[in-house]
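**Q** As they're listed, the protein sequences go chains A and B.
Sequential numbering of the first sequence, starting at 1, is according to our numbering.
Sequential numbering of the second sequence, starting at 1, is according to our numbering.
In case anyone wonders, no lab produced these hints; they're calculated from the structure.
Some hints could be false.
Heads up, the list lumps identical chains together, so a pair's fine if it works in one copy or across two of them.
Claimed, not checked - When the alpha-carbon atoms are kept at most 20 Å apart in a straight line, the in silico EDC-like pairs for lysine to aspartate or glutamate are as follows:
hint	residue 1	residue 2
1	Lys334	Asp16
2	Lys149	Asp44
3	Lys151	Asp44
4	Lys334	Glu256
5	Lys100	Glu183
6	Lys222	Glu330
7	Lys222	Glu271
8	Lys249	Asp16
Source: prediction; values computed, not measured.
Here are the chains, one letter per residue:
Protein chains: 2
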Amino acid sequence: MSQTEISTLGEFGLIDRLTDSLPVHHASTVVSVGDDAAVLNYPDSEVLVTTDMLLENVHFDLTYVPLKHLGYKAAVVNFSDIYAMNGTPRQITVGLGISKRFTVEHIEALYSGIRLACEIYGVDIVGGDTCASHQGLVITITCIGDVPKGKAVRRSGAKPTDIICVSGDLGAAYMGLQLLEREKVASAGRPDFQPDFAGKEYIVERQLKPEARRDVIEALAKAGIVPTAMMDVSDGLSSELLHICKDSKVGCRVYEDRIPIDYQTALMAEELNMNLVTAALNGGEDYELLFTVPLSMHDRIGQIPGVKEIGYITDEDKGCALVARDGESEIPLKAQGWNPLAQENE
Amino acid sequence: MSQTEISTLGEFGLIDRLTDSLPVHHASTVVSVGDDAAVLNYPDSEVLVTTDMLLENVHFDLTYVPLKHLGYKAAVVNFSDIYAMNGTPRQITVGLGISKRFTVEHIEALYSGIRLACEIYGVDIVGGDTCASHQGLVITITCIGDVPKGKAVRRSGAKPTDIICVSGDLGAAYMGLQLLEREKVASAGRPDFQPDFAGKEYIVERQLKPEARRDVIEALAKAGIVPTAMMDVSDGLSSELLHICKDSKVGCRVYEDRIPIDYQTALMAEELNMNLVTAALNGGEDYELLFTVPLSMHDRIGQIPGVKEIGYITDEDKGCALVARDGESEIPLKAQGWNPLAQENE
Chain A
1 MSQTEISTLG EFGLIDRLTD SLPVHHASTV VSVGDDAAVL NYPDSEVLVT TDMLLENVHF
61 DLTYVPLKHL GYKAAVVNFS DIYAMNGTPR QITVGLGISK RFTVEHIEAL YSGIRLACEI
121 YGVDIVGGDT CASHQGLVIT ITCIGDVPKG KAVRRSGAKP TDIICVSGDL GAAYMGLQLL
181 EREKVASAGR PDFQPDFAGK EYIVERQLKP EARRDVIEAL AKAGIVPTAM MDVSDGLSSE
241 LLHICKDSKV GCRVYEDRIP IDYQTALMAE ELNMNLVTAA LNGGEDYELL FTVPLSMHDR
301 IGQIPGVKEI GYITDEDKGC ALVARDGESE IPLKAQGWNP LAQENE
Chain B
1 MSQTEISTLG EFGLIDRLTD SLPVHHASTV VSVGDDAAVL NYPDSEVLVT TDMLLENVHF
61 DLTYVPLKHL GYKAAVVNFS DIYAMNGTPR QITVGLGISK RFTVEHIEAL YSGIRLACEI
121 YGVDIVGGDT CASHQGLVIT ITCIGDVPKG KAVRRSGAKP TDIICVSGDL GAAYMGLQLL
181 EREKVASAGR PDFQPDFAGK EYIVERQLKP EARRDVIEAL AKAGIVPTAM MDVSDGLSSE
241 LLHICKDSKV GCRVYEDRIP IDYQTALMAE ELNMNLVTAA LNGGEDYELL FTVPLSMHDR
301 IGQIPGVKEI GYITDEDKGC ALVARDGESE IPLKAQGWNP LAQENE
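Let the hints inform the model, and build the full structure from the sequences given.
**A** Shown next, in the form of structure tokens:
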């Protein structure tokens, strides 16, 4: 494909090209891109706002992340934050910092991934900012959503005896990243190198093209279940559980043998000689939903496909721990989150 | 002041420190920082959203921009976009990409500027994202505001015979930047160098610590004036006028001798042997309000301090031009915007 230097279009030309014929999905989108601010109309609900920033070589490595996938993921991780409040994502703004080595076609590929995600999840792109970067690619997406009044689910509502639930499976995105990194190292200096992902497609896809669990939010609503607390699993199960427990002033017990893990994740961990439970607890980027429900909801939860009960909430003084496979020994949960500033140089 | 490496706090520690005891100014701020998304409540109005991204060495140079000023400016330029829609800024989210050479105290200084701006303009900080950057400092602020239903002023409403108005004066921020750049060059390799800004305080302040024109929006409302089109002057008068004319499908005439220019701006242009009108037309970062009103509003506009009529809207086929001081010769207005990708290397 022919490549166009961004300087031939300039800022406004690039924005025109990226935002050409953007669809509007929502009546709440009154004014979209092309003015100082977007205008949204939310008469009977509460507005939700969330922001995520992605930086090249911190959050993504373009040697193995296709730009379209990157755009898709950048949008979806924001939708996931809105679903995690029990809301519906409606609009996003897109901030792009673009360095000179990117062409118009590169940025269009990135944007096409953002647009695809918006189409699939029914979200409008309503604005943004595009600027030159000396520093690689920078993507900041802010998502606006809504939730019926009083229905937002926070991190702070978990109560002792509540059941802890998680959707899907954990650790796959992290093991996918390990695989991609391994293949990157193996390919260095070998232009003919073809990575072999046979039998590992799932973990690669979980890393490169995650989905937000709209289906779970819809299933919960249909089943008449309102979680007492909820988060999406972006930094890892351990970290998110500690957030919920801290904000709810409770403790928790999670059973090691109930943590949902895919077969490919387990195989990859074995192949790389990594601890599987550590990967599932601390891996991050799963974008599954972690939530608590009253004990009385046990039967209804059982009706929802892909949701698993993994433990229960305790009084605060019991602390937060993983119950090992023997059913007795307990390992305290530790906060991870990122701390890359500790290891990396500018 | 003692400096703390960010790695000693980690992500969550840093966020806790930055967002400690954030005030809440608005009843519409239901849930602020500390959950997946903020929750806002806007029952009887339309919601406005705008985003700005600032990158080190593209939008700011830390050799002469104090971090607190930078934070203040990063917030204020977003407020300006909301005012330019005739709205009121209510909440912001703050995305920060931080490289290893910044300490906790640096980021606190930056954040203190953001908090000061929020205090002065009555805006709540409701969320954000903080991450490591290999690439210098990255700041993305998204501002949410509101406007009574149907009262948002867009770029597209200007009609032939409308009067073109602008607040304050133009070109000062640009000349302030030229001065700061000159002093930076002069100070290179001279640790004892003291820049002399005597008699030039205004243009330096316009560059380093701009204000958003809330006062003008309030004065217009008080006078019963609803502009037909409005923008804030961030890329330069010329560029913004062309935006309004394009979106409104009209032309315009602006009188060179009516463009408001401060005495310090003129002196600095003379000292640097630069064209003053070019600076005022294309300088950018003025954050003044450019708006159009029906001809019948002429007398009322005259009552508003600091607002000047600089020209009028024409039919589209007349094009967009500056009328020179002789009152006859016309110079077509040209779009500038940024195009730094044309000149800069990564």
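**Q** Determine for every hint whether it applies to the structure shown.
**A** Verification of the hints:
Only between protomers do Lys334 and Asp16 lie at most 20 Å apart by alpha-carbon distance; the minimum there is 18 Å, versus 47 Å within a single protomer. For a Cα distance limit of 20 Å, the shortest separation of Lys149 from Asp44 qualifies both inside one copy, at 7 Å, and across copies, at 14 Å. For a Cα distance limit of 20 Å, the shortest separation of Lys151 from Asp44 qualifies both inside one copy, at 12 Å, and across copies, at 19 Å. Taking the shortest Cα distances, Lys334 and Glu256 sit within 20 Å of each other inside one copy (14 Å), while across copies they are farther apart (66 Å).
In the homo-oligomer, the alpha carbons of Lys100 and Glu183 never lie at most 20 Å apart, since the shortest distance is 27 Å inside one protomer and 28 Å across protomers. Proximity of Lys222 and Glu330 under a CA criterion of 20 Å is satisfied in neither setting, with 36 Å inside one chain copy and 66 Å between copies. For the identical chains of this complex, Lys222 and Glu271 are neighbours neither inside a copy (41 Å) nor across copies (71 Å), given an alpha-carbon limit of 20 Å. Within a single copy, Lys249 and Asp16 get their C-alpha atoms only as close as 49 Å, which misses the 20 Å cut-off; across copies the closest is 17 Å, which meets it.
The structure shown violates the earlier hints numbered 5, 6, 7.
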